[in-house]
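Novice: Protein chains in written order, with our numbering: chain A, 1 to 690; chain B, 1 to 338; chain C, 1 to 271.
Since the hints were derived computationally from the structure, they do not count as laboratory data. A hint or two may mislead.
Using 25 Å as the maximum straight-line C-alpha spacing, the simulated SDA-like pairs for lysine to any residue come out as follows [claimed, not checked]: (1) A/10 - B/52; (2) C/38 - C/222; (3) C/34 - B/109; (4) A/68 - B/262; (5) B/78 - C/65.
Footprint (simulated), chain A over chain B, 3 or more residues, beta carbon under 8 Å [claimed, not checked]: (6) 35–44; (7) 312–325.
Which chain A residues stay away from chain B? Per the calculated CB distances, all over 10 Å, these [stated by the list, open to error]: (8) 155; (9) 250; (10) 327; (11) 386; (12) 474; (13) 564; (14) 686.
Every residue, glycine too, gets a C-beta built ideally from N, C-alpha and C.
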Amino acid sequence: MDATSHNISKITHSICPFCGVGCGIGLRVEQGKITGVEPLANHPVSQGSLCAKGWSTAYAVDPIDRIKTPLIKENGEFRPATWDEAYRVISEAFSTAISEKGPDAIGIIACARATNEDCYAAQKFARAALRTNNVDHCARICHSPSVAGLRQTLGSGAMTNSIDDIEKADLIVIFGCDPTENHTVLGGRIIRAKLAGAKLLVVDPRLTRLARMADLHLQLRLGTNIALINGLLHIIFTNGWEAKEFLNSRCENEKVLRAKVAEYPPEKVAEITGIPEEKLVAAARMYTEADRAMLSYGMGITQYTTGTNNVISISNLALVAGQIGREGTGINPLRGQNNVQGACDMGALPNVFPGYQEVKEAANRDKFAATWQQSLPEHKGLTSLGMTKGALAGDVRCMMIMGEDPVVTDPDQNHVRRALEALDLLVVVELVMTETASMADIILPAAAFSEKAGTFTNCERRVQLIQPAIPSLGKAKPDWKILGELAEHLGYSGMDWENEEAIFNEIASLSPIYQGMSYPKLAANYGLQWPCNDQAPDGTALLHSKEFSRGKGKLIPVNHADPAEMPNEEYPLFFTTTRLHFHYGCGSMTRKSPLLERETPNGVLFINAEDAEALAIKPQTRVRVISRRGELETRAIVTDEVPPGTVAMPYHFKEAPSNRLTNNAQDPVTKMPELKACAVRVINLEDKTK
Amino acid sequence: MKAFILEDIEHLRDHLASQRQVFTPQYAEDSTELDWLPLTDKTASVTAERPVLPTYPAKQFFFPDREILFQFDGSAFKETLPEVEPQVLFGVRSCDLCAIAYQDQFFEQDPYYQARRKATLLVGIDCNQPCEGGFCPSVNAGPFIRDGLADLACHQREDKSWLILAHTSEGEALIERLNLQAADPNLIAQRNEQETQVAAEFPSAEHIETGIQRINQAQVPAETWQNMGLQCLACSGCTNLCPTCSCFTSYDRPVAEGIERERCWDSCLYDAFQREASSHNPSADAGQRVERFWFHKFSDEYVKSFGRYGCTGCGRCEKTCPGVIGVHSVMKRISAAL
Amino acid sequence: MNGFMTPQAIHIAEIYDDGEASRHFTFEPADGVKHSAKPGQFFTLALPGYGEAAFTYLSLPDAEGRFKALIRQAGSLTSALFKCDVGDLVGFRGPFGNSWPINQLLGKRVLIIAGGIGLPPLATIADQLAADKSTPIALIYGSRSPADQVLKYERSAWHMYMPILETFDYPSNQEQLSGTPLDHVAEVEAKLGGKPEVILTCGPEVMMNAVAHHFVENGLSPESIWLALERRMHCGIGECGHCYLGSSYVCTDGPVYNWQQLTQLHAQTTT
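Build the full structure now, drawing on both the sequences and the hints.
Specialist: What follows is the structure, given as structure tokens:
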């Protein structure tokens, strides 16, 4: 930086690149560099606030450590290359793999933090240029069960209400999520609502901040969500607290559900969940008595082998209580990444085109084939976890991973490493040298969000427009441009868009939920919430107000099932994963901030005082944590935040990678891995008696 | 102090632009956010409407959020003081001027701050109406500019003409060539009367006054601070946007020439702010950190050194805090706590 | 000479190990510019690439401008320092802070109580008082175990000038004194020729607080009990804010405080 007077020459309004809240953020530009940020007072979502991550954004995209040129690995070392050379090597490897094993030998991972335009390009590249449906992104390990579950019950997997509904609710239910850590500005609005008189009901095995503030905290045992909800439904039906008229007119299958929950009387549920009966009754009463109850959930519902069923269970509860389809209510999955909603909307998924139009439907394939001028593959593709499995089996030979670090963020790290090593070619498109990037054969430099135009879709389905604050760094390019140029090398020229707006217009023409949107319209408002079309030209704040996307809300009976790996004598503690406010994902952006990196506690195993005492563990004691899949060393933090019998780690730190321990046992419907529950044992490395 | 009459304030602004780089709060193109930006020919006129504060306070000009302190080339450490073109901050409000005066004292020995400060002249504008959320009268920071805190203080009169008060010789020099008409001394008395009227228009600030008392008597129960500590999300918004906050940290960055040491704004609300290498943390509890922040803003202890409270009543913290513990929220809570 | 925030270049002149993960470093100016310092003051070392950290003078600058510190390996900066050799160049800023109040100590019965790594900050004042014949002085030095002790040479030199009691949480043989320094105050009082009139203490905060409470309860004025505090520091000049203690900054008003001052500072807040 130049030592001249502090001369902010412009402030570009953008959308924060971290979580799914989608806060407005001002990027402060000084001499062609982003040196700081500011909150936007008039932004409808963030209303003048930012969280610690948002405030660190300038460091996150700082030129230091940025990859500025394509890199090719030779003899174990990376050397700079031209784009042409990189494209040639990639297209040769792809073509070879395709000719030997067919298009499904390639796997594409899109970036859920990149723009809609980038994600649209990724799935178009897979489908039209490569002719495979092997495209996926990190929603797989995040909210894929929400999509799968809610599509069955409601017809649509997105947040049913809007963030504004927080202020309209008189009961806020926080079920398996930690908003003041992970969706901080939204969490702040929950705090505000609580102070203004709303009641707060928190369901979480951990004593989170909102649990401490709650009117009622159900501290259930790990992995007992369905038993709990079936138990609540049992109590609701027994007492006649269900929303009778709503059920009659807007739902189907009530009888089947009643029969199922009859098997879950309070004593049985209390035993399974560890929650006393009185609390079960209190919770059931709170939720049904509330005039407007808004329920939000997160990874504590989805990241299980029963993830899809957990989501269905949440849906059952909301439907039976009639707490949906009105302001201040709803089923509100909190999407993690700033554009994971968008990545799903764009069809960066193996089974759907943009707009959730299923690949298996011929009519859909025909529509896209016509616009894309290409015949399209019929069978659904592999998920990200399927791709790693396929790599080990030799079926998937090449992968292109954009803006993701599966070595740190996917379950069973050793398995992921072996899979990536088995590939003929691994291409990684990245900002910085992540663990996954260091394993690549070719790295392509990506433009950061501050260096391109495009749209992000936040958790409340709000599509927001961003403009570049500065030019792309070095030779970096946006994902969509890279994919378009690579497609050209592979002989497909249907991706030679002039600019991002051209891509967006193509999206709007093919995806009914985006149909009424355009860049000028998005710029004129603070974005628009889909569906936005002729019926709803200004977007839609509230879904399912008159009828559900599928017509009637479907009640589906589901059963409790233990997590795949329960504690036993050899691995006596439950292990779960968490996020911290201060870091995002693998930390590739947040750990560049000296303030956030300093905040990292010196040690990242959270353990209850009881368990700690049994192992003679004190704060900062060095420990080894071992699971059936691997082990790691770190330091202990003794806290009441986790209950006895359960330990927890955040997943942001590659030096103490919690995913070396986690289980990749999967939800059969979505292949979601059970990141939230596995079994470990902990060893005190400073115990002089052992 | 000399007083002058001016019909059109833009006339003054343009005149300043002919001598120095001018920065002024404005709405950038397509923006509804008021920001300190360089004056251009697209900058809108100064309005007489309800005052709005720019998002960032003026401290960014003297104590920027990131600044290089020195470089090391392998054998020598070289100080890197900023080189600053002469500039004017045009349109600073009284609260922010009080904060500049406060930081002028705090950073008195700091050559980085002083290099930037000495190159800068301040032209302030009185607030003729309360802004939203401000409470400057309660902390003796407004609504009108205090003597000596600006080189030029501008006051818009009822007939829309402007009273210009030159408080420093540099201020006088700035407007010399405008040959402004001297103002009648009774206009100054009128201005002083008007300040009392404007101050009375501010909403009740009893919670501020009571809160200040309770802080100074260490009367707020620890539990109240701890409950608010639970709401602190450590976003750092308050400390970033507070005009008098000055804490910073520093770190080394590798550069082509070797290593450079950079300092950046820090926040005492972070858990690791006082955490030592041994992990010992004297302020491990969020309630302690929250209490201490407000102590620093409202304790009489600091009046001894700075002549005023750390808080200048701008209200930015209340607007940005996601956890609902900005100044109004906190002062209401502690005034009511038994 | 250092600038406001810019270090002066200094060389490492000597290194030797002393205690567990602790080392003696002797530094000398690289540009011939000397400085002077008082007992209790501290300085910072800059290791380019690793930032800057605060350390106490173990011995004050001599005629050649050489001074010493005892440094324990705790974080990334000290780990980098431990990889340095004699002759390597690092940065210096200082001296910072206040000093032990020598005028209030001379001629009084002074008891020094050090815990663990709290001994080095007391070394320079122990040296100065030992040199003054009119000041009776005694030292109680508490450590976890014999392996954790530091300043072996300094202690053997002090033995000639003052009674020293060494206590251990985990003694390694029967002859060694077991317990904390406070457990052995009575023994030392005899050797001091009476109850101490001034206490100087440094060590973990819990220990120092216990020492202060003990002597206040036994009738000593809180203004006669002096503590050397530790805090995270960046600037050393009262600007960066990290070392705050109520309305005081430990780097400028301290690190030496008396118990009366500390009591008043702690009373400023309720948490």
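Novice: Evaluate each hint against the coordinates.
Specialist: Quick rundown of the hints versus the structure:
For the hint linking residue 10 of chain A to residue 52 of chain B, the alpha-carbon distance of about 19 Å falls within 25 Å, and the restraint holds. Distance restraint check for residue 38 of chain C and residue 222 of chain C: the Cα-Cα separation of roughly 23 Å lies within the 25 Å cut-off, and the hinted pair is therefore satisfied. Restraint check for residue 34 of chain C and residue 109 of chain B: satisfied, since their Cα atoms lie roughly 22 Å apart, inside the 25 Å limit. A threshold of 25 Å between alpha carbons decides the hint, and for residue 68 of chain A with residue 262 of chain B the separation of about 23 Å falls inside it, so the pair holds.
Under the criterion of a C-alpha separation no larger than 25 Å, the hint pairing residue 78 of chain B with residue 65 of chain C is consistent with the structure, at around 22 Å. With a threshold of 8 Å between beta carbons, the proposed coverage of the region 35–44 of chain B by chain A holds, since 4 of its residues qualify and at least three are required. Given as covered by chain A, the region 312–325 of chain B passes the check, having 6 residues with a CB less than 8 Å from a CB of that chain where 3 are the minimum. Residue-level check passed: residue 155 of chain A sits 34 Å from the nearest beta carbon of chain B, beyond 10 Å.
The beta carbon of residue 250 of chain A sits about 35 Å from the closest Cβ of chain B, which is more than 10 Å, so the claim that it is off the interface holds. Every CB of chain B lies more than 10 Å from the CB of residue 327 of chain A, the least distance being 22 Å, so the non-interface label holds. The non-interface label for residue 386 of chain A is consistent with chain B: the shortest C-beta to C-beta separation is roughly 38 Å, beyond 10 Å. Residue placement check: residue 474 of chain A keeps its beta carbon more than 10 Å from all beta carbons of chain B (closest about 15 Å).
At roughly 35 Å from the closest C-beta of chain B, the C-beta of residue 564 of chain A stays outside 10 Å, upholding its exclusion from the interface. Once the 10 Å rule is applied to beta carbons, residue 686 of chain A is consistent with being away from chain B; the minimum gap is 14 Å.
Comparing the model with each earlier hint shows no violations; every hint is respected.
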